[in-house]
Amino acid sequence: MNLDLSIKNIADGLVGKLFSAKELTKEFLDAAKKKDKDIHAFLNFTEDIALNQAEKIDEKIAQGEKLGALAGVPCSVKDAILVEGAPCTAGSKILERYVAPYDATVVKKIKEAGAIIIGKTNMDEFGMGGSTENSAFGPTKNPHDLTRVSGGSGGGSTASVAAEECVIGLGEDTGGSIRLPSSFCGVVGLKPTYGAVSRYGVIALASSLDQVGPVAKTVEDAEILFNVIRGKDELDSTSVEYEIQDTKYKIQDLRIGIPKEYFSKGLDPDVEKVIRDAIKKLENAGAKIQEIELPHTKYALAAYYIINTSEASANLARYDGIRYGLSLQGGSSLLDTYLDARGEGLGQEVKRRIILGTYALSAGYYEAYYNKAQKVRTLLKQDFEKAFEKVDVIVGPVSPFLPFTIGERITDPLQMYLVDIYTVPVNLAGLPALSVPAGKVGNLPVGLHMIAPAFEEQRLFETGKLFEKL
Amino acid sequence: MITKEEVQHIAQLARIRINEKEVEKLQQDISGILDYFAVLKDADTSKVEATTHSIILENISREDVAHPGSPALLQKLVDMFPAVRDGLLRVKAIFSSR
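Heads up: the protein sequence lines correspond to chains V and Z, in order.
Sequence positions in the first sequence follow this note's numbering and run 1 to 470.
Sequence positions in the second sequence follow this note's numbering and run 1001 to 1098.
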């Protein structure tokens, strides 16, 4: 069976009785299990949950009931998002035996829309990394070249979609964790506006930055999944409801800004060529291209890593070996229980970030680090606001590099952090951004980064769909 | 450069046990990253306020009423406790006895 299917193909196939939801689910599960021996996109498969859901869909079809927007669509879920009854590890040993007691709001929503959750995907531990090499359970390989990384932190979700182990995936993006691996794996990934999607039931990394979003093979599928998961949730006070502008853009009316800071030193010339060619295509189709400035870009990475590590140090304090997860009670005091569980259960990068964040938040350093970073964040936000007075969408590379080989950057944390240089400003400013496949260097995909003002996801979808046709 | 003693002290505050080898690597890595953070000194932030939240939100409030979870969910949470006595979470003594 051909598994290169879109959401619409599946809806047509189910209604046209080309296959049942159960047949389709089994095909995908079988294929995924085989392919995953090489790729390792999944930490575990949720076969029972998937088959139960498929039976319900088939029953609905038999009864002639109306089907949801994702009926029968095989979907992967990043292992930072809770699916009731399935293990949820966030890629960490400290949660190795943790089984989610309830569904995250986004999971509830995709289930109601009929999605078939086939498994939980691999990630850098607690989302900390750009390659999945920080997963306690081993890296996810890039489906286009098994010697290379799939990107991170959500390399499992993007690899699962790229390898046709499923059709769509739910990811989570704190500083690029959806867009970077989407670029590396050659799929579409959206980081929505901060607050667009509920985070109830999502394992927190940095609360002022985290956002759940869709991964798909086409912009249209990403749009369908986004519209299922978005909206205000009583259980997440930062979530917001807003009108989606139903605007169709003509490419001739599009004003596209190219930030000169995103094409400076450090950008791989091969990546740059693919991105410049993509911009040329947009220009030839009639879009107005203009160079813009985002002058504070050079401060973004430092500000991001201060905020990320500080918020992570607070969020991860909950893994204390007391109420759930890894617990080692051999020591003599309560302090030993904490020290042992966290010493044993957390990986090197997680320890590094918690210690760094604790340092940055400690008395005497708060002003110089956290508060300074929050002020720089305002400058970055203002850069974008000024730019969007002149242009509709900002376009550039997602990553300065091609997918790198496994092991290449893992020993030096700063080398790994540099991978995030173009993606983190977007999270700091709370904006929506899309990664769309732009081309390849050899067999390695390169993603085009499209950034829009807050709440303007529709502008990204329309621009992305126009670009896909060029 | 951050000292080994500082690394140990912060790790203790963060409730993470680290061994001697980890201390050395962390000392190097964290010093390198802190050096990198120094770039922020060049940013002129004298005229801006801190952004704590990227999207402006009004205060969110709701009626102060309890929304009890289901007993089944409660049981699942209790079942995850590593140590239990009489259905309650058991932890080691918080105060040492003299």
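What the hints contain is simulated information worked out from the structure, not anything from laboratory work.
None of these values were measured; they are calculated from a predicted model.
Some clues are possibly wrong.
Derived SDA-like pairs: lysine to any residue, alpha-carbon spacing no greater than 25 Å straight-line [stated by the list, open to error]:
no., chain 1, residue 1, chain 2, residue 2
1, V, Lys375, Z, Val1065
2, V, Lys232, V, Lys250
3, V, Lys265, Z, Lys1025
4, Z, Lys1004, V, Arg459
5, Z, Lys1021, V, Lys375
6, Z, Lys1025, V, Gly407
7, V, Lys232, V, Arg459
8, V, Lys250, V, Lys265
9, V, Lys93, Z, Asn1059
To see whether the hints hold, each was checked on the structure:
1. V:Lys375 x Z:Val1065: 37 Å, violated
2. V:Lys232 x V:Lys250: Between lysine 232 of chain V and lysine 250 of chain V the Cα gap is close to 30 Å, so the pair fails against 25 Å, i.e. violated.
3. V:Lys265 x Z:Lys1025: Violated - the C-alpha atoms of lysine 1025 of chain Z and lysine 265 of chain V are around 29 Å apart, more than 25 Å.
4. Z:Lys1004 x V:Arg459: Status violated; Cα separation ~51 Å.
5. Z:Lys1021 x V:Lys375: With Cα atoms ~36 Å apart, lysine 1021 of chain Z and lysine 375 of chain V exceed 25 Å; violated.
6. Z:Lys1025 x V:Gly407: Distance ~17 Å between lysine 1025 of chain Z and glycine 407 of chain V Cα, so the pair holds.
7. V:Lys232 x V:Arg459: 21 Å, holds
8. V:Lys250 x V:Lys265: Violated. Lysine 250 of chain V to lysine 265 of chain V sits at ~34 Å, over the 25 Å cutoff.
9. V:Lys93 x Z:Asn1059: Violated, at roughly 37 Å.
In this structure, the earlier hints numbered 1, 2, 3, 4, 5, 8, 9 are contradicted, and the remaining ones agree with it.
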